[in-house]
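Student: Given chain B, put chain F in place with the hints provided.
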Amino acid sequence: MKQTLQTATLDNGIILLGEFLPGVESVSVSFHVAAGSLCDALSTRETDRSCCGLATLAGELMLRGAGDRDSKQLIAALDNAGVQWSQSVSMSHGSFAGAMVSRQLPDSLKIYADILRRPLLDQSQFDPARQVVLQNLAGTEDDPTHRTMLALRKAHYPSPWGLPSEGTSADVTKLSHTDVKNFVDTFIQPQDMIVSVAGRLDWPEFVKQIEALFSDWQGQPTEPISAGERGEKICHVPYDSQQTHIALAWDVPPYRDPDSLQATAALAVLGGGSSSRLFTEVREKRGLCYSVSAGYQTQRDLAVAMAYSGTTADRAQETLDVMLHEIKALPGTITNDELDRVKARAKSGLVMQQESTAARAGAMARQWFHLGRIRTLAEDLERLDNLTVESIENWLAKNPLTEITTVSLGRDPLEVPDAVSP
Amino acid sequence: MQFRHEQLPNGLDIIAEVSEAAHSASLGFFVKTGARDEHDSISGASHFLEHMVFKGTDTLSAEDINLRFDFMGASANAFTSEEDTVYYAAVLPEKQHDALELLSAMMRPALREDDFVTEKQVILEEIKMYDDQPPFGADDRCRALFFQDHPLARSVLGSTSSIEALQVDAMRAYHQQRYASDNLVLAASGAVDFESLVTSAQQLCGEWKPSPQNNRKVEFSNSHSRTVTDVITREQAALEYAVRMSPGPAEDTDDRFAAKLLAVVLGDDSGSRLYWDLVDSGQAEHAVCHHHDFLDAGVFVTQLSCEPETTYALIDRIIEIYQEAANGLSNNEVDQARNKLLSRVVLAGERPRQRLFSLGLEWAHLGRYRSVTDDLETLDSISRDDLHRILAEWQLTASSSTVLAGPLLKDSPTT
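Residue numbers (my numbering), protein chains in the order written: chain B, 20 to 441; chain F, 18 to 432.
These aren't lab readings, by the way, just hints derived from the structure by calculation. Glycine residues also receive a C-beta, built at the ideal position from the N, C-alpha and C atoms. Be aware that one or more of the hints could be misleading.
Unchecked claim - The calculated DSSO-like cross-link candidates involving lysine-lysine, where the alpha carbons are at most 30 Å apart (straight line), are: (1) F:K277 <-> B:K91; (2) B:K304 <-> F:K137; (3) F:K145 <-> B:K304.
To be verified - Among the chain F residues that face chain B by a calculated CB cut under 8 Å, a handful are: (4) H40; (5) E80; (6) A122; (7) K145; (8) D148; (9) A161; (10) S298.
Claimed, not checked - So, partial list: chain F residues that the calculated Cβ filter (under 8 Å) puts toward chain B: (11) V35; (12) N83; (13) L84; (14) E143; (15) D149; (16) A255; (17) D286; (18) G299; (19) S322; (20) P325; (21) E326; (22) D352; (23) R361; (24) P369.
For reference, chain B alone in the conformation it holds in the complex (with noise of 0.2 Å):
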């Protein structure tokens, strides 16, 4: 498959990405400015009072009216434009995307550059934005599954990483207008701001209107971010609910470290697919589930495996018991034929991202950001097809699961054994 992959840089920082995609009418385009929630800690050490959920809180202020439009007009100039836009908030980024017919690229481009550029951040419009926040927030305290994943990041990752990206009440209800406009201003910057394009495109032409709204604006640099303590490594979470939910976390390589394509091969053994082990051994062999999985979380410098299944109270401590087995089971065990059914799966993945405008520019983002490049689709295939189970088998020699967070919520906690010796 010929592949036209793209980038450039202008002079403030901003990086360009693009890929040409064959046989769509459509076109994708997503702003990732490096305003995530990370940066809420910035804003406690200015500020001396816990902010967690400034950069979301922004990122729904910036919504609401920018350039001469006010909120209303601007949702309407999004929608007749026929933009299926989003917004949201990671640890790293700040991040607003459309994907639209590709002829209402120039335009949406414009109204991107108003939101980013020209927010009004309307002193208005500030409660309600803080209500819809708070709103939010109240209807994640009623999904037991959020729930566990919040409390397992919290105990994993050391501070800031662990905190919530969507804020909590307690910090939320205290932000002021002020602390907003602060925010926007302090890392709402062209540099390092990853721009990246997918689908039916006139790349030079793309480049030309981004330099003519985004070349002149200049930025300052933004401090670094230093990890603090981590949390429990165990701990229950006690809720009134008809199932338990356990969440285990251990680290792995992040994705730019060379290794981490065994780390994440060796967890698709684990619990990626129907085939998977966990999924076999927990769902299929014993029905203790309807839901088991395991999965790869990676931020720039460090990454997570989690793993993660909701089951009858009763069943709970059975279920938590077959994971840990086949968690620590998986050294020295890994099959050929496990091998191929990841590497199919990872294939097929790779190979359909390439239908949908928005995937590819939403990973052409990510792995600029992890790597500072894009992989062409031959490339990962090649990595793909070198694998082996050896240089996993290696990779898990090497590098022994020493220490896993574990997480429950409902009812009653769980016996967990002190040490995991592989």
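Tutor: This is chain F only, laid out in the frame that chain B set:
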């Protein structure tokens, strides 16, 4: 895009929307059966059977099925609704035959007793999982109240007691009747080799037997529904969740398209009347309206989540918003909603996996094909007056069923 259709002598329909530009092929069996085809003693059987289909055939174990899907790199799954049970796999084009071979084998499951006993535990876990999370069963309860003695009142999951009581023999009988060759559609989309699909299907499914099927339609009269409210109390919930249903056009009328456009104007998750009034202002966490159509009935569903003490006032406000809409919509808001929907149709059309479901369900229900272009033209042809007519005809503010779930108690004041 090219549409193709063949029918095997045993009545199995094979349809495909072939796209040269696609990188993958998606295929699926659409079984015309769901909760509405059950009765009390087998409530939840369609969904439980969907799980059992993955537990193997006379020659394949459950593990074999999982292994094969993963070996071919398939993204495979299934779902059950009130009216349909759908099994699907997205694969690279060279795996088309392998995927069909496996999916078609699965349509004739062994339904072994020991698998049935183990999988029953998984179904009971799934019921508990949904019971623990919003809207805490309010959707099922609301549908039961709204549809009363109509088959659409039935729960897809069934209840803990109906699943515990279900016997494997009853499931076998249900399977034999509902998975007959003429009650299934094989649909495919993307980079599909249609000739090869038909040849393979002849080999793999040609021996399946047809079976006479009852007419599934049951008249649903508006007089069935009255205004009722029920409350499910969940003390520890942070928010109150409300589900409200009122009648709308069924899928066999062209008005279903206008009804969907109207729902976007009224209650899309952004830029709609409910959004600007309730969500943007921070009064509600979530307030949406959508239109859902079935074989013989349609329904406008309103969902709200908010702080418990504001619930009744916000429901009153939603009814006011619907009344205001009936007084007249603006051209701008109708055009904005239309532009949104047009874009959604174009983007969904690029993904074979998304096209598969539109394609398969349209054929399973109505026996016809609608292209992306048909959908775009229909959307373009709907006028503001059509929406006014729908509002006048279906009276979103009149008869309805509403169920609340959350901290509120049953004896709280009703609207």
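Student: Hint by hint, say whether it matches the structure.
Tutor: Against the structure, the hints come out as follows:
1. F:K277 <-> B:K91: 22 Å, holds
2. B:K304 <-> F:K137: Holds, because 12 Å separates the two Cα atoms, which is no more than 30 Å.
3. F:K145 <-> B:K304: 20 Å, holds
4. H40: At about 5 Å, which falls below the 8 Å cut-off, the nearest Cβ of chain B leaves the hint on F:H40 intact, so it holds.
5. E80: Check passed: Cβ of F:E80 comes within 7 Å of chain B, closer than 8 Å.
6. A122: 16 Å, violated
7. K145: The hint holds - F:K145 has a Cβ within 8 Å of chain B, the shortest such distance being about 4 Å.
8. D148: Result: holds, 6 Å to nearest chain B Cβ.
9. A161: The hint is violated - F:A161 has no Cβ within 8 Å of chain B, the shortest such distance being about 21 Å.
10. S298: Given a least distance of 5 Å, the restraint on F:S298 holds.
11. V35: Hint violated; F:V35 Cβ to chain B Cβ min 13 Å, cut 8 Å.
12. N83: 4 Å, holds
13. L84: 5 Å, holds
14. E143: Cβ of F:E143 sits 4 Å from chain B, so the hint holds.
15. D149: 5 Å, holds
16. A255: 4 Å, holds
17. D286: 11 Å, violated
18. G299: Nearest chain B Cβ about 2 Å off; hint holds.
19. S322: 6 Å, holds
20. P325: 10 Å, violated
21. E326: Interface hint status for F:E326: violated (13 Å vs cutoff 8 Å).
22. D352: 7 Å, holds
23. R361: Given a least distance of 7 Å, the restraint on F:R361 holds.
24. P369: Hint on F:P369: holds, closest Cβ of chain B at ~7 Å, below 8 Å.
Comparing the model with each earlier hint shows violations of hints 6, 9, 11, 17, 20, 21; every other hint is respected.
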